[in-house]
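Asks: Sequence:
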Amino acid sequence: MNNASAAQSSKRDALFLKGPITFGWIRQNIPDPTSRLILVAEAFMNMHSPSLTALELSLKVWQCVGIDSPDQRARVLNKIDQKCEGYRVERRVGRSALLLRNSL
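Counting along the sequence shown from 1, when you hit position 99 you're at 99 in my numbering, and nothing is skipped either side.
Treat the hints as calculated values from the structure; they're not laboratory data. It cannot be assumed that every hint is accurate.
[Claimed, not checked] As a list, the in silico SDA-like pairs of lysine to any residue whose alpha-carbon atoms are at most 20 Å apart: (1) K79 <-> E90; (2) K83 <-> P33; (3) K83 <-> R95; (4) K79 <-> V89; (5) K60 <-> P70; (6) K11 <-> N29; (7) K11 <-> T53; (8) K60 <-> E90; (9) K60 <-> S103; (10) K60 <-> D13; (11) K79 <-> E42; (12) K60 <-> R12; (13) K79 <-> D68; (14) K60 <-> M47; (15) K83 <-> G94; (16) K79 <-> Q63; (17) K79 <-> P50; (18) K11 <-> I21; (19) K79 <-> R92; (20) K60 <-> R91; (21) K60 <-> K83; (22) K60 <-> Q82; (23) K11 <-> R36; (24) K83 <-> Q72.
Values in this document were obtained by computation on a predicted structure and should not be read as measured data.
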């Protein structure tokens, strides 16, 4: 890992969900990648005012979650489609997928 990438990673580790729960802590202590993605996506959605209902799953988000392989990304997105009732994934050909929060 080069210096710029390491510096970028350490800055993202310091981003937080709420209170003292940082993205680095989430990556280290939550073993399920789908749960990590939902928590980090919620944090990114709530950083905007008003909160977003959709988030583009860019490389930045995947790196914050700690998911590097395209195969693991596909498995996580399939699990969200199958088991997460409050969220759905919109896959876009040639573009990043969107994670959408279902309205209540």
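Asks: Each hint needs a verdict: does it hold in this structure or not?
Replies: Hint check:
Proposed proximity of K79 and E90 is supported: the alpha carbons are some 13 Å apart, at most 20 Å. In summary, the hint linking K83 to P33 is supported, as the alpha carbons are separated by about 13 Å, within the 20 Å threshold. With a CA separation close to 24 Å, the supplied pair K83 and R95 exceeds the 20 Å bound. Of the supplied pair hints, the one linking K79 and V89 holds, its CA atoms being roughly 10 Å apart against a limit of 20 Å.
Our distance criterion of 20 Å between C-alpha atoms is met by K60 and P70, whose separation comes to about 14 Å. For a cut-off of 20 Å, the pair hint linking K11 to N29 stands: about 18 Å separates their Cα positions. Simply put, K11 and T53 have alpha-carbon atoms about 25 Å apart, too far for the 20 Å limit, and the pair is violated. The hinted pair formed by K60 and E90 meets the criterion: a straight-line CA distance of about 18 Å does not exceed 20 Å.
About 25 Å separates the Cα atoms of K60 and S103, which puts this hinted pair outside 20 Å; it is violated. With a C-alpha separation of about 12 Å, the suggested pairing of K60 with D13 holds against the 20 Å cut-off. Of the supplied pair hints, the one linking K79 and E42 holds, its CA atoms being roughly 17 Å apart against a limit of 20 Å. Annotation: proposed proximity of K60 to R12 holds, straight-line Cα distance about 9 Å (limit 20 Å).
Under the criterion of a C-alpha separation no larger than 20 Å, the hint pairing K79 with D68 is consistent with the structure, at around 17 Å. Note on K60 and M47: the hinted pairing holds, with a Cα-Cα distance of about 15 Å set against a maximum of 20 Å. The suggested pairing of K83 with G94 is violated, with an alpha-carbon distance near 25 Å, which exceeds 20 Å. A distance of roughly 19 Å separates the Cα atoms of K79 and Q63; the hinted pair therefore holds under the 20 Å criterion.
Of the supplied pair hints, the one linking K79 and P50 is violated, its CA atoms being roughly 28 Å apart against a limit of 20 Å. Proposed proximity of K11 and I21 is supported: the alpha carbons are some 14 Å apart, at most 20 Å. For the hint pairing K79 with R92, the CA-to-CA distance comes to about 17 Å; that is within 20 Å, so the pair holds. Only pairs whose Cα atoms come within 20 Å are accepted, and K60 paired with R91 is accepted, the gap being roughly 17 Å.
Proposed proximity of K60 and K83 is contradicted: the alpha carbons are some 24 Å apart, above 20 Å. For the suggested pair K60 and Q82, the alpha carbons sit about 24 Å apart, so the restraint of at most 20 Å is broken. Note on K11 and R36: the hinted pairing holds, with a Cα-Cα distance of about 18 Å set against a maximum of 20 Å. Distance hint between K83 and Q72 is fulfilled; the C-alpha atoms sit about 16 Å from each other, no more than 20 Å.
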